[in-house]
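Visitor: These are the residues of each chain, in order.
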Amino acid sequence: MPQDNPTAPMDDREPVFQARIDRDEKIEPKDWMPEKYRRTMIRQISQHAHSEVIGMQPEGNWITRAPSLRRKAVLLAKVQDEAGHGLYLYSAAETLGATREDMIADLQSGKAKYSSIFNYPTLTWADIGAIGWLVDGAAIMNQVMLCRTSYGPYARGMVRICKEESFHQRQGYEIMLTLSRGSDQQKAMAQDALNRYWWPSLMMFGPRDDDSPNTQQSMKWRIKRQTNDELRQRFVDQTVPQAEYLGLTVPDPDLHWNKEREHYDFGEIDWDEFWQVVKGNGPCNRQRIAHHVAAHEEGEWVREAALAYQARKASAEEAA
Amino acid sequence: MAASTHPIFEYALALGDDALVLGQRIAEWCSNGPYLEEDIALSNVALDYIGRARMLLSYAGEAEGQGRNEDQLAFTRDCRDFRNLLIYELPRGDFGFTMARQLAVDAFEVPFFEALTRSSDRTLAGIAGKALKESRYHLRHSSGWVIRLGAGTDESHRRMQDGLDQVWGYTPELFQMDAAEAALAESGVAVDRAELRQQWESTLDEVLKQATLGRPADDWQIDGGRRGVHTEHLGHLLSELQFMQRAYPGLEW
Ligand SMILES: [Fe+2]
Ligand SMILES: [Fe+2]
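In order, the protein sequences belong to chains D and V. For the first sequence, this note's numbering begins at 1 and goes up steadily by one. For the second sequence, this note's numbering begins at 1001 and goes up steadily by one.
No lab work stands behind these hints: they were computed from the structure. You may find that some hints are simply not true.
[Said to hold, decoys possible] Reference excerpt, derived from the structure (chain D facing chain V, CB under 10 Å, subset only):
no., residue
1, Gln57
2, Arg65
3, Ala73
4, Gln80
5, Thr178
6, His291
7, His292
8, Gly299
9, Val302
10, Arg303
11, Ala306
12, Gln310
[To be verified] Within a straight-line C-alpha distance of at most 30 Å, the following computed DSS-like cross-link-like pairs (lysine-lysine) qualify:
no., chain 1, residue 1, chain 2, residue 2
13, V, Lys1133, D, Lys313
14, D, Lys163, V, Lys1130
15, D, Lys163, V, Lys1133
16, D, Lys313, V, Lys1209
Where a beta carbon is used, it is the ideal one built from N, C-alpha and C, also for glycine.
Could you put together the complete structure from these sequences and hints?
Guide: Structure (structure tokens):
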């Protein structure tokens, strides 16, 4: 299977494919593509879809307890947006020949991953603010880049999704702003949320570049256009002044502005924790999957009924 | 206490509580639906109800004239002061129960809000206009599911019939008028609920026929919501709804 090794192209369609990529042409579902490109794309898009869907759990955890009716409505609408993103991304992956059933099965078996950030618990209302601000903020960094990714349906989906994500980020920041201008208890709640969500947010960009074997190929295929470390640096540079404006302290003693680099230097991520959570041993990994499985199994009879009804209607129409 | 309060306050509060507790219930479906598509659809319905609750409770607070806003009304009253009908507060149950309750409520709310658009109270008429559009959409959604589940598999038929049976005794309260509401209806502000019964029945009969479901017998009924005599479930719904405002009273969020 020579097409499995893109560094040694045997298929003469592959240079043509690469030339199209190099000219910044979009690859469309019906176009020929190396099998490995297809598989990488499916893996990445479905993983992204799963992240949107699993992310509904920690945020949904606060819908019934939101502190005001306005906040409740905004949070409901946000979680609904995330469900919409998931749906949209599953459809994008389907254009590559994946089926939703298989993707969900891979999620539930642990074969497919989702963003590790959602394996941390939302313990207080401030966590909803921190997620909007930091997690949607980090997601935007990634997704702005993906608006120019080489696979057409994914890139177009990202353009739409990015608009909503920046809305989410503003809403999250506004929650943090309200808390940080509030009572001592509220300020402490906001600081605690930042303390717990800061490092996991930095982990969202993935392993260090020298630890990320797929990066080079992804850059060559223009799936990614910036490396994990470049995006992480941009996120830190953008977010630290926002934390300062809130009057909150970023929980990193090594964080300081580097005049020569014109970037913030920051401390080392706890990579043991990172890999533990990726491997399934984070605080909520098991809970998230169990929840997804339980809801899916509880819905089985509904899905069966819908199929049976559809089949009966179709055969009645045929008979008529 | 009831005698000294404003009748519009009482009316808007009751309708606002209906919307609030059902919105809260439906929101519980988030991430628990049988399909992602259904999570989205049910979030939409929940959002509509929360939006209605906000308008109605704000208006109730204005009518009361004691400076209580939507949040104070939603988060600082106890169970006995809630005025919603019991059908709105019942736990979400399985998807069949949720759809049975929703069909009963939607089939009522469409003619109810249609009539309320003609209210002499312009604020209520305006809210009703928006709610009517939403409820028409909700009714299409719930009746579609009741038909699909009723005429789907043996299991879905059984579950759907069961949901309908469970909710049935709570439906007569939808049509009950107390003296205050009757007086408001007399003056052209409120809707005469009793008059909507026939239309409700014919909507339901039509859906149930397509769903091959039987209409449950009218041999039991439970009421008391408008008098603040609720099911045991409401207190738990409120403990979740009101948690933040109770734990951290009087703060802005
Ligand atoms: Fe999203
Ligand atoms: Fe988002």
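Visitor: If a hint holds in the structure, say so; if it doesn't, say that too.
Guide: Tested hints:
1. Gln57: Status holds, d = 5 Å.
2. Arg65: holds, 5 Å
3. Ala73: holds, 5 Å
4. Gln80: holds, 4 Å
5. Thr178: D/Thr178 check passes; min Cβ-Cβ to chain V is 6 Å, inside 10 Å.
6. His291: holds, 7 Å
7. His292: Holds: closest Cβ of chain V sits about 8 Å from D/His292, inside 10 Å.
8. Gly299: With a minimum Cβ separation of about 3 Å from chain V (threshold 10 Å), the hint on D/Gly299 holds.
9. Val302: holds, 4 Å
10. Arg303: Hint on D/Arg303: holds, closest Cβ of chain V at ~6 Å, below 10 Å.
11. Ala306: Result: holds, 6 Å to nearest chain V Cβ.
12. Gln310: holds, 8 Å
13. V/Lys1133 x D/Lys313: Within the cut-off at roughly 29 Å; holds.
14. D/Lys163 x V/Lys1130: holds, 27 Å
15. D/Lys163 x V/Lys1133: Holds. D/Lys163 to V/Lys1133 sits at ~27 Å (cutoff 30 Å).
16. D/Lys313 x V/Lys1209: holds, 15 Å
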